[in-house]
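K.L.:
Same order as they appear, the protein sequences are chains A and B. With our numbering, the residue at position 71 of the first sequence is 71, and numbering never jumps. With our numbering, the residue at position 336 of the second sequence is 336, and numbering never jumps.
Heads up, a few of these hints could be off.
For chains that are exact copies, the list does not tell them apart, and a pair is met inside one copy or across any two.
[Said to hold, decoys possible] Straight-line C-alpha distance at most 20 Å; calculated SDA-like pairs for lysine to any residue:
(1) Lys582 to Trp187
(2) Lys140 to Val162
(3) Lys455 to Leu3
(4) Lys425 to Ile546
(5) Lys147 to Asn159
(6) Lys455 to Arg4
It is worth saying that the hints were derived from the structure and are not from the lab.
Protein chains: 2
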Amino acid sequence: MELRRTHNCGELDSQDISKTVILSGWVDRRRDHGGLIFIDLRDRWGITQIRIEPVSKAYKDAKRLRSEFVVSFKGIVVERPEGMINKKLKTGEIEIVAEEIEILNESLTPPLHISGEVNSSEDLRLKYRYLDLRRPEMQKNFLIRHKLCQIVRQYFSENNFVEVETPFLMKSTPEGARDFLVPSRVWNGRFYALPQSPQTYKQLLMVAGFDRYFQIVKCFRDEDLRADRQPEFTQIDVEMSFIDVHDIIAVVENLMVRIFKNLLDIEIKSPFIKIPYSEAMSKYGSDKPDLRFDLQIFNISDLVVESDFKVFSDTVKSGNVVAGICARNCAGFSRKQIDDLIQWVKDRGAKGLAAIKVKGTDWEGSLNKFFTENIRKNIVRKMDAKDGDLLLFLADTTELVFSILGDLRIYLAKNLKLISENEYKLAWIVDFPLFEYNSEEKRYVARHHPFTSPKLADIDKILTEPEKVQARAYDLVLNGMEIAGGSIRISNTELQQKMFRALGIGDEEANDKFGFLLEALNYGAPPHGGIAFGLDRLVMILAKCISIREVIAFPKTASAMSLMDNAPSVVSQVQLDELGIKLKK
Amino acid sequence: MELRRTHNCGELDSQDISKTVILSGWVDRRRDHGGLIFIDLRDRWGITQIRIEPVSKAYKDAKRLRSEFVVSFKGIVVERPEGMINKKLKTGEIEIVAEEIEILNESLTPPLHISGEVNSSEDLRLKYRYLDLRRPEMQKNFLIRHKLCQIVRQYFSENNFVEVETPFLMKSTPEGARDFLVPSRVWNGRFYALPQSPQTYKQLLMVAGFDRYFQIVKCFRDEDLRADRQPEFTQIDVEMSFIDVHDIIAVVENLMVRIFKNLLDIEIKSPFIKIPYSEAMSKYGSDKPDLRFDLQIFNISDLVVESDFKVFSDTVKSGNVVAGICARNCAGFSRKQIDDLIQWVKDRGAKGLAAIKVKGTDWEGSLNKFFTENIRKNIVRKMDAKDGDLLLFLADTTELVFSILGDLRIYLAKNLKLISENEYKLAWIVDFPLFEYNSEEKRYVARHHPFTSPKLADIDKILTEPEKVQARAYDLVLNGMEIAGGSIRISNTELQQKMFRALGIGDEEANDKFGFLLEALNYGAPPHGGIAFGLDRLVMILAKCISIREVIAFPKTASAMSLMDNAPSVVSQVQLDELGIKLKK
Numbered sequence: 001m002e003l004r005r006t007h008n009c010g011e012l013d014s015q016d017i018s019k020t021v022i023l024s025g026w027v028d029r030r031r032d033h034g035g036l037i038f039i040d041l042r043d044r045w046g047i048t049q050i051r052i053e054p055v056s057k058a059y060k061d062a063k064r065l066r067s068e069f070v071v072s073f074k075g076i077v078v079e080r081p082e083g084m085i086n087k088k089l090k091t092g093e094i095e096i097v098a099e100e101i102e103i104l105n106e107s108l109t110p111p112l113h114i115s116g117e118v119n120s121s122e123d124l125r126l127k128y129r130y131l132d133l134r135r136p137e138m139q140k141n142f143l144i145r146h147k148l149c150q151i152v153r154q155y156f157s158e159n160n161f162v163e164v165e166t167p168f169l170m171k172s173t174p175e176g177a178r179d180f181l182v183p184s185r186v187w188n189g190r191f192y193a194l195p196q197s198p199q200t201y202k203q204l205l206m207v208a209g210f211d212r213y214f215q216i217v218k219c220f221r222d223e224d225l226r227a228d229r230q231p232e233f234t235q236i237d238v239e240m241s242f243i244d245v246h247d248i249i250a251v252v253e254n255l256m257v258r259i260f261k262n263l264l265d266i267e268i269k270s271p272f273i274k275i276p277y278s279e280a281m282s283k284y285g286s287d288k289p290d291l292r293f294d295l296q297i298f299n300i301s302d303l304v305v306e307s308d309f310k311v312f313s314d315t316v317k318s319g320n321v322v323a324g325i326c327a328r329n330c331a332g333f334s335r336k337q338i339d340d341l342i343q344w345v346k347d348r349g350a351k352g353l354a355a356i357k358v359k360g361t362d363w364e365g366s367l368n369k370f371f372t373e374n375i376r377k378n379i380v381r382k383m384d385a386k387d388g389d390l391l392l393f394l395a396d397t398t399e400l401v402f403s404i405l406g407d408l409r410i411y412l413a414k415n416l417k418l419i420s421e422n423e424y425k426l427a428w429i430v431d432f433p434l435f436e437y438n439s440e441e442k443r444y445v446a447r448h449h450p451f452t453s454p455k456l457a458d459i460d461k462i463l464t465e466p467e468k469v470q471a472r473a474y475d476l477v478l479n480g481m482e483i484a485g486g487s488i489r490i491s492n493t494e495l496q497q498k499m500f501r502a503l504g505i506g507d508e509e510a511n512d513k514f515g516f517l518l519e520a521l522n523y524g525a526p527p528h529g530g531i532a533f534g535l536d537r538l539v540m541i542l543a544k545c546i547s548i549r550e551v552i553a554f555p556k557t558a559s560a561m562s563l564m565d566n567a568p569s570v571v572s573q574v575q576l577d578e579l580g581i582k583l584k585k
Numbered sequence: 001m002e003l004r005r006t007h008n009c010g011e012l013d014s015q016d017i018s019k020t021v022i023l024s025g026w027v028d029r030r031r032d033h034g035g036l037i038f039i040d041l042r043d044r045w046g047i048t049q050i051r052i053e054p055v056s057k058a059y060k061d062a063k064r065l066r067s068e069f070v071v072s073f074k075g076i077v078v079e080r081p082e083g084m085i086n087k088k089l090k091t092g093e094i095e096i097v098a099e100e101i102e103i104l105n106e107s108l109t110p111p112l113h114i115s116g117e118v119n120s121s122e123d124l125r126l127k128y129r130y131l132d133l134r135r136p137e138m139q140k141n142f143l144i145r146h147k148l149c150q151i152v153r154q155y156f157s158e159n160n161f162v163e164v165e166t167p168f169l170m171k172s173t174p175e176g177a178r179d180f181l182v183p184s185r186v187w188n189g190r191f192y193a194l195p196q197s198p199q200t201y202k203q204l205l206m207v208a209g210f211d212r213y214f215q216i217v218k219c220f221r222d223e224d225l226r227a228d229r230q231p232e233f234t235q236i237d238v239e240m241s242f243i244d245v246h247d248i249i250a251v252v253e254n255l256m257v258r259i260f261k262n263l264l265d266i267e268i269k270s271p272f273i274k275i276p277y278s279e280a281m282s283k284y285g286s287d288k289p290d291l292r293f294d295l296q297i298f299n300i301s302d303l304v305v306e307s308d309f310k311v312f313s314d315t316v317k318s319g320n321v322v323a324g325i326c327a328r329n330c331a332g333f334s335r336k337q338i339d340d341l342i343q344w345v346k347d348r349g350a351k352g353l354a355a356i357k358v359k360g361t362d363w364e365g366s367l368n369k370f371f372t373e374n375i376r377k378n379i380v381r382k383m384d385a386k387d388g389d390l391l392l393f394l395a396d397t398t399e400l401v402f403s404i405l406g407d408l409r410i411y412l413a414k415n416l417k418l419i420s421e422n423e424y425k426l427a428w429i430v431d432f433p434l435f436e437y438n439s440e441e442k443r444y445v446a447r448h449h450p451f452t453s454p455k456l457a458d459i460d461k462i463l464t465e466p467e468k469v470q471a472r473a474y475d476l477v478l479n480g481m482e483i484a485g486g487s488i489r490i491s492n493t494e495l496q497q498k499m500f501r502a503l504g505i506g507d508e509e510a511n512d513k514f515g516f517l518l519e520a521l522n523y524g525a526p527p528h529g530g531i532a533f534g535l536d537r538l539v540m541i542l543a544k545c546i547s548i549r550e551v552i553a554f555p556k557t558a559s560a561m562s563l564m565d566n567a568p569s570v571v572s573q574v575q576l577d578e579l580g581i582k583l584k585k
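Next up, chain A with everything else stripped away, as it sits in the complex:
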């Protein structure tokens, strides 16, 4: 390397005119204009135009340049000729007249576009990830991720949290998701597990008196991947001692205010609204409601139980529900549009959808006659419906009605363009049930995890009426996505043992798996609790991406493969022998 760069490709402007500079970067574009060669030189910071004149020493080598060659230019900053100025670029007023050139590396023709629109399948992008990451759009995502991480760590450090690294090679205690296992060579036949979260360790750090802990840390779950999941993901992990729910909420709200201010220059207001779980389910059909639009769900069961419309009245009489949403100003929907909605809900398991257009005090269409004026008035009043609105009703089991209406409100909001791109709505969901019934395993499982504390008033019901026990748990929801979840933990051995029993985990199994935690609680555990953020998802939202793979440098596919290096791969017999394992079949 002869030429040592003096500036990057994104910083020179008219104030630098007549300076001699050296820039290094990649050939974004080369144009030949009547003997002149123009190179758009690109690096992480931007693009600067280089002009190479035929008299220049650099001319001969510049002729060889192709897309993505790595090159340095020495030259003088000059003003661009009138009419060539590009106001959109910081460097758009100047160009460099090249005096020297040094070609640092060549490039084959890249299999995907670096500049401009993505023209490739995601598979190709993943195979050539190092080229995909060279795209300015991708680099922007990782700069956001980088900044977010620094903001988060600085915030917690300022607030007396200690960053402590927890182990990656830990004990396998699968409860909920599957562990990734790591065979031990020293102890053949035994395995480590990769952490699904540092949950037990952060609790032990509280027992150890660290008082306030945080870590940005990789976690692992060997689950079948859904669109928005990765086998390894990153968590902002937090735990505090001598606190109650509102302390953690305050710490997190201040963090979110700072993130939005420092990263997006957006002022968000705290405190965020708190919605009890049951209200979230009945109003929005979801425990992570998107609050950027209204389209609230209304249960009209009590209003229609006596109506002549037997589909509704029978449904209610048989213990199920009728509920609906009011689509504002959608009475103009065509037959086709309505039919599409009906098909949409049927695809999700509904038997049908009643669509009613509000026309003054009447309802358009055949359903009008089944309802007395009084019933219609009550429904319209409850749903705050107006002339020109479209009412959409489902009649079915509680679970089905609310979950489909929850999805329908999002579907409608997108189609009706009710969602503003630059709006951020944060809310806490609280008062979660501690347990949920797993009909496959025929037992109650922990809705968060087995270390979540019940509300004190509900402790007596843990073994007798588990379905009625509420948790001291809270989720933070942003624009319809859960970005964090946490709880106050159990800090008492007896209560923790009782919890294991409620989950159908026998004393022996509990001791075998979590004996160290149960024992630790015997030696002066402080009251403690915490929260964990899904970092990938948070970055995805802040960077306005549609997939978490856009904010993970080297992600896996939905079948947990790395298309770049073909991991996982076959390993040598020697490696297997040393680990004392054999492949089946």
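Chain B: place on chain A using the hints.
P.N.:
Just chain B now, kept in the frame of chain A:
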């Protein structure tokens, strides 16, 4: 929790007198004095004395308190009586007169002391790690670690480095150390590997144009553990583009200056000295010399080849060496002390040790007669020996002589107390050989790793005279320990292929293992290089600890076990079946 703390246990002093406060923490000590109860209440920040008078509402419950109970007190800050003031503590001038008490949790009698001297075996400390970590000495280590991590990240962020997370589930490409493997459930028979370092990924990030990358990241090596090794360890990982060796050295030196200033308030001077590898080996018998003391090694082969002392002259004539060190003012060593030294070198494989006491211009003892006055003068002059010094010589193969003398100088320095606790000596070791011969595998292996660039002048010798090729590599040494190592990388496909060939890695194997990297180098790789710090070791030195286990929250034993939770452990048959593996035997 009724009482919400207003202060921590380390902050109140005479300025707070007459304030009503609430403190929470652990009972460090309880003393009963004529009806009065005194509690030393401890948290992460310190200890505050609580006085509970018999008339206090808190008295009855305070009677129940035992060591390590978790408790909150509400009370008034008062001045301690004359004679009870403890100037050593920030809180030593005040105490709290308790008005209310809330016992938050109880504790069994802890199996190890929290305050005062460690009274337990390391095994017991590891089993009850959550109690061991409660010891103020341990907490101090983790606060240093925490601060160091923040300083490092802030430094790199300020300097335009981007933090990018690299994958933990990667491809197995063992070269040097053993990989930890992770069986794939989705792809039975295939395995991921945990990263030994993010080496290839950080190079790909340079190809992707990130320009400057850093990460504090866990790495994994499945090696038989030595005292100072752990199966998982933490690395400060750095990579830069468009740079040469001196750029990386400058970035690292500024970082070290900042670390010492901000963490220890010590001004260290840069640039640090640079010592070529060959000089380090011949002067200090080590590529990580401790420069806090002198005790340099001198090769006197040429001076003794013609002496009458056949042990020396025959050694040199047969192609081996005679070298020694001069222990200042040690001529007073007893026969026993000398015999111990002789035994010490014999334990390390030497045949013997010649110990010579300098007495004016003569040497004390029987060896004097074998050397002419001229030879003695030359030796004394070369070694700058003075009356009263002790000369210690070994005669053997180059390798043995320098490695034992290298250890001996450290051993002597410790025994002679030549090492100042508060001195920090940093040095760069440069001009490393690119290869070293592995006599077991009968091939050259990479001294750093296969991606290290040779010096440009030596490229032609890679395949013909590999032993003569020097690397563009550099290690940073602090007080006799390697704390960082790095290199300029190969950024050219052809050279990288040639390097693999020199290492006996065939083209097919190279493509199979590293095809993605070879291909990436084809698409415009910039010149790049980097460095990686062993974070655990750096913290260990800065915290003045003698083992890295003192700066790792939950370390493994030398047999890679976690004594707290007994990982690795047996897993269920279901888990193995899903992974498609069986245990051998």
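K.L.:
Each hint should be assessed against the structure and marked as holding or not.
P.N.:
Evaluation of the provided hints:
In this assembly of identical chains, the alpha carbons of Lys582 and Trp187 lie at most 20 Å apart whether taken from the same copy (15 Å) or from different copies (15 Å). Taking CA atoms no more than 20 Å apart as the test, Lys140 paired with Val162 passes between copies only; the shortest distance there is 11 Å, against 29 Å inside one copy. In this homomeric assembly, Lys455 and Leu3 come within 20 Å of each other (Cα to Cα) only across copies, at 18 Å, whereas the closest approach inside a single copy is 67 Å. In this homomeric assembly, Lys425 and Ile546 come within 20 Å of each other (Cα to Cα) only inside a single copy, at 17 Å, whereas the closest approach across copies is 51 Å.
For the identical chains of this complex, Lys147 and Asn159 are neighbours both inside a copy (18 Å) and across copies (13 Å), given an alpha-carbon limit of 20 Å. Taking the shortest alpha-carbon separations for Lys455 and Arg4, only the inter-copy value of 19 Å comes in at or below 20 Å, while the best intra-copy value is 64 Å.
Hint compliance for this structure: every hint is met.
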